[in-house]
Amino acid sequence: MAGPQNPQYQRLSIVVSGDCGYRDITLFRWTGGGWIKKVFIWAYDSSRIPRQVRRLDEMEWMQLHDGPSHPDRSSKRDGPTRAGAPPEGVAAERAPDVSVDECDEAYTTLLRRMIERLSSGAVFIEGDQLYMNAVAEEITGYRSDELGTVDEWFLVLFGNRHEKLRSQYESHRQNGFDTRFTAIIERKDGQERRIAFTGSRWDSHEIWFFHDETELAQTARALRESKLRLQAIVDTAVEGIITIDHRGIMISFNRAAADIFGYTPAQVLGQNISMLMPPPYRQEHNGSIEQYLRTGQSQANGAGMEITAQRKDGTHFPIELAVSPIDHLQTSTCVLRDISERKETEARLMQAQRLSAIGTLAAGLGHDMNNILLPVRARLDLIDRAGLPEAVQEHFVEIRKSAKYLQNLADGLHLLVMGSGDDGVANESTSLNDWWEQVHSLLGRALPKSVHFTASIPPDLPKIRVAPHQLTQAVLNLLVNSGKAVAPDDGRVELWANVDEDNQYVQLGVTDNGIGMTDEVRHRAIEPFFTTQSRGLGTGLGLSLVHGVVQSGGGKIDIKSEVGQGTTILLRFPIAEQQSNSEPSQGTGSPPRAVISVQDPRSGSIVENLLSIAGFDAEPAGIEAIDRAALWIIDALDQDPGRVRERLAEGCIVIVLGPLPPAWGELDVHVVENPNDFVKLRTAIERAANEVSP
Amino acid sequence: MTKPPIRVLCVEDHAFLVDGLRARFEIEADIKCVGHLESAERLVAVAQELRPDIVLMDIEMPGPDPFETVVDLMRILPSSRVVFLSAYIRDHYLSAAVNAGAFGYFSKSDETDEIIEGIRTVARRGVFVLSPKVKARCTPTKRLKRGQVSPMTAKLDSLTPREHEVLRMIGRGMTRTEIAETLCRSVKTIDGHREKIMNKLDIHDRGELVRFTIREGLAEA
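If you're matching them up, the sequences are chains G and U in order.
Note that our numbering numbers the first sequence so that position 377 is 826, with each residue one more than the last.
Note that our numbering numbers the second sequence so that position 181 is 295, with each residue one more than the last.
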C-alpha cells in the first residue's frame, strides 16, 4: 500500500479558513518517474475527530485526461485520511503520453479549477502573477485581469496604506500564515469592506483565502451598540427594572431599583426577589411564583399590579409592578414604580374630600345651632330680667352654662371647617388660650364619655405659628387616637401646654395611659398609611396629617411611648413673632396713629373699623393729631393738596377716598375711588399697615 | 323729651329667632320691633309702609339676594339703615354688605347686649358698626405688600354672577352634567366656567375648590 513514505507522491497541505467549509485541503502530486496517471484531491475537515473525508463537489476526482476513475472507491475506503495515502490502485494506472511539464501545467490548472469552485474568496499566486476566483472578484469588485500582479493588488485595494499592508502581509507570510489577519480594502465602487485573510504557500505558489467580514463586523457593532443602548435605557429608566430567573432569583437590578429599594445590585443579585417584600406578602409572592411556573399565569403579567414592597431599611411602601416573561430565556422582567407619592396624594385627596363632607355637615349644624341659640339666649336675658325666685336661680345658672357650652360648640365647629385655602399656614398665628376657649367643648366630644379628660392650658401663652382650624384638626386626631388607646374603664387623657426652656416653642402635649407603642410602631407612627388598626378602620393618615400640620408651621413632633404605660404626643410649635401683623407698631410697642378726615359718618366709621382691625390707633382729625399720624385718610374733595404734599414729605402715608381731583397733579397717595368698595379700602389700609411696620 | 323708640324691621326666615329677639327688644325702652319678614322678597314695599329706622337682616334666606335688595332699599328709602345679622362671618358677605350700603354686620353668636347696643349706635349716630366677634375674625392673617395679590374676597369679587352661581353649585356637590342641566347650558360651557373660576381664585384642583366653597359658605348658601 502506498503511503506518505512513497516517494512518488508529494503531499501538499493548504490551510483554508472561513466559510468554505474545510479547514484543510490536501493535494497529492505524482512525482514518480515522468508519467502521471491522475491527480487526486481530497478534502477533509481536520477539526473533526475522527476525520471524515468530505466531498469537494466534483473535485473529489479530477482527471487531466479522460480515463477511468474510481471516485467511490477511493473516498469511501481510503484516501488521505490514512496519512495522505492515495486511493488504492491509483498509482498502478499510468498515462504514458503525459510529460512532467504537462503534468505541472495540469496541476496548476487543477488548482485554479479547485480555487474557482471555492465558496470563499481565493487568490492564487504563481510568481508575481495573481489570479482571483469569482468570489474574490465579487468581494473586491475587480476582475482578475484588472489586478494581475501582487503589487497592483495591494496598490489598488489598499491605496496609500498599501505599503503598510504589504509589510503586514510579508510578516504573516514569513510565519507561514499561522494566524489570520484582517484589513479594510477599498472596492472598485469605493465601498470599504473588512476582509479576513489566511494563506498558504509552497514552492512558488501561494494561495490566499479571504472572506468579507464587513456585515459580520457591522452586525457585531450594531449588536454591541444596541446592547449599550438597551443598557443605557435600563440604567436611566425612572422605573426599577429587575430581571429574575424562573426561580425568582434576581439576575439584574438597575439603578432606579437600587434607589427605590436602597440596596446596591451586589447586595441583591443571586437572591430571591421575595426579599424585596414584607413578610405577609413575601409568602404570597413565593406562592405566586410557583403558580406562575406551573401555569405561566401571573397576576402581574403585563398590566400593573399594586403591591407592598419593603426597602432595605425595613420601611414599607406601595409599588406598581408589571412582569413580562421572556419565554425562551426562562426569565422575567419586572418593571416597578414607587407609587408612595401618588397613593399619598390620593389618600390625602380622599381625606380632604371626607373632611369637606364633614365640613359641610358641621357648617350646616353650626348655622342652625346659632339660629336656635340666639333666641334662647335672648329669652334667658328676659327671664333673668324678670327676676327669678330663689328656688330656681340655681337651675337658671345651669341653663345659662349649657347655652354657653352650646355656643362654644357652634363656634368650635366653625373652627374645624375653616380650610387653609390660599392662606399660607406659616403666616397664621393662633393664641392657644383663645383657641382652647373656642374649641374645648368640641374637642372634649372626641373622647368616649368614660374617659377621664383633663386639660391644663396656662393663661398668657404666646401665639404660635399654626392656623387655628389646622390645630383643631391635629388635636382632634390626637384625642381620637388616645381615646382608642385607653382602657374603657380606666382611661385618662390629658391635654397640656407650656413654653419650653429656651422660650422658642410652645409645647402642646396629649398624654394618655393607654396601651402604648412598641419601638417599631413608635418609629413608624408618622409614616403615611402606617396604622396598627385593621385595614378599613383607619386610613393610617392621622398622625401623618398631624405631622404635616406641625411641620408646615416649622414645628416638630415627638412621640414618647412605652408598651402598657401610655403615650405622649408632643407638638412643638414655634412661637409666632411677637410683633404680629394685627398690631403694627413703630418699635415703641404702641400702635401707630391714624387720623381720619372723612366727612360722611358711615364712611368714616367703616374706615375706623378697618383701621382698628389693621392695628392702628384711629382718631378723628385735628391739626395736632395729623402731625403725629403715620396714616392719614382723607376725602378727596376737602383737602388742600399743599398740606397733603407736606405730610407726604414727612413720611406720612395718605389714603384718598374718591377720585383724585385733577388739580392735585402727581401725588404719591393711595386712592380708593369708591369708599364703598370694601375690599379695596381694606386692602389699602392693610398695605399701609405693612408699610408702617414692615 | 324722650326720643322715639328705634323702629326695627326683622328680615329672618326663622320665626322663633325673630320671636325671641322681639321679646328681648321689648325690655329695652328705646327699641321696638315693628315687623317681621321671612325673606327679602317684599322688603322694599313693607319698609316703605313701616318706615323702620333699622332693618335687621339675615343673609342666608330663601328668596331674592339680600344684598341686591338692600341696594334697592337704599335707593328708595335711604333713611332706613340695614344691619346684617348672620350665622356666618365671611369676608365676602362683609364686603357685599358694605358695598350694598349696610351700616353694620353682626353674628348670631354675638351677645344679645352687643347686638342691641349696635342697633342703638347705628340708629342714633349713623355710623357703621361691626360686632367684636366679626372684628376679631377680620384680623388680617397675612401681610400684603405693594403689588401683592389681594385677599380672597377680592378674588371672589372678580367672579361674574354666572361664575358665582356655578361655584355655589359645585360647592353643593352637583356634577358638571347636573349644573349644565340646571342652567340649560352645555357641559363644555360649565367646564369653561369652572376653569375661569379656578384661574380667578388661583385654585388648582377640584378638592381645593370644594373646600373653598365650604369655607366661604358658598356650599350651603
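Calculated from the structure, these hints are not laboratory results.
There could be a bad hint or two in this list.
[To be verified] No farther apart than 25 Å at their CA atoms in a straight line, the calculated lysine-lysine pairs in the DSS-like style are these:
#1 G:Lys1009 to G:Lys933
#2 U:Lys269 to G:Lys1129
#3 G:Lys1129 to U:Lys310
#4 U:Lys314 to U:Lys302
#5 U:Lys310 to U:Lys269
#6 U:Lys249 to U:Lys302
#7 U:Lys249 to U:Lys310
#8 G:Lys912 to G:Lys1005
#9 U:Lys117 to U:Lys146
#10 G:Lys850 to U:Lys310
#11 G:Lys912 to U:Lys269
#12 G:Lys637 to G:Lys676
#13 G:Lys933 to G:Lys912
#14 G:Lys1129 to U:Lys249
#15 G:Lys898 to G:Lys850
#16 U:Lys117 to G:Lys912
#17 U:Lys247 to G:Lys853
#18 U:Lys269 to G:Lys853
#19 G:Lys898 to G:Lys933
#20 U:Lys247 to G:Lys1129
#21 G:Lys1005 to G:Lys933
#22 U:Lys247 to U:Lys269
#23 U:Lys117 to G:Lys1129
#24 G:Lys853 to G:Lys792
In this text the structure is predicted, and so the values were computed from the model without any measurement.
Checked hints:
1. G:Lys1009 to G:Lys933: Given that 25 Å is the threshold and the Cα spacing comes to 17 Å, the pair holds.
2. U:Lys269 to G:Lys1129: holds (11 Å)
3. G:Lys1129 to U:Lys310: holds (22 Å)
4. U:Lys314 to U:Lys302: Answer holds: Lys314 (chain U) to Lys302 (chain U) is near 18 Å, not above 25 Å.
5. U:Lys310 to U:Lys269: With Cα atoms ~12 Å apart, Lys310 (chain U) and Lys269 (chain U) stay inside 25 Å; holds.
6. U:Lys249 to U:Lys302: violated (42 Å)
7. U:Lys249 to U:Lys310: violated (32 Å)
8. G:Lys912 to G:Lys1005: Holds, at roughly 16 Å.
9. U:Lys117 to U:Lys146: holds (12 Å)
10. G:Lys850 to U:Lys310: violated (48 Å)
11. G:Lys912 to U:Lys269: violated (29 Å)
12. G:Lys637 to G:Lys676: violated (34 Å)
13. G:Lys933 to G:Lys912: Given pair Lys933 (chain G), Lys912 (chain G) is violated - Cα atoms ~30 Å apart, limit 25 Å.
14. G:Lys1129 to U:Lys249: Holds. Lys1129 (chain G) to Lys249 (chain U) sits at ~17 Å (cutoff 25 Å).
15. G:Lys898 to G:Lys850: holds (19 Å)
16. U:Lys117 to G:Lys912: violated (46 Å)
17. U:Lys247 to G:Lys853: holds (15 Å)
18. U:Lys269 to G:Lys853: violated (36 Å)
19. G:Lys898 to G:Lys933: holds (12 Å)
20. U:Lys247 to G:Lys1129: holds (22 Å)
21. G:Lys1005 to G:Lys933: holds (23 Å)
22. U:Lys247 to U:Lys269: Status holds; Cα separation ~24 Å.
23. U:Lys117 to G:Lys1129: Violated, at roughly 38 Å.
24. G:Lys853 to G:Lys792: violated (43 Å)
Against the hints set out earlier in the document, violations occur for numbers 6, 7, 10, 11, 12, 13, 16, 18, 23 and 24.
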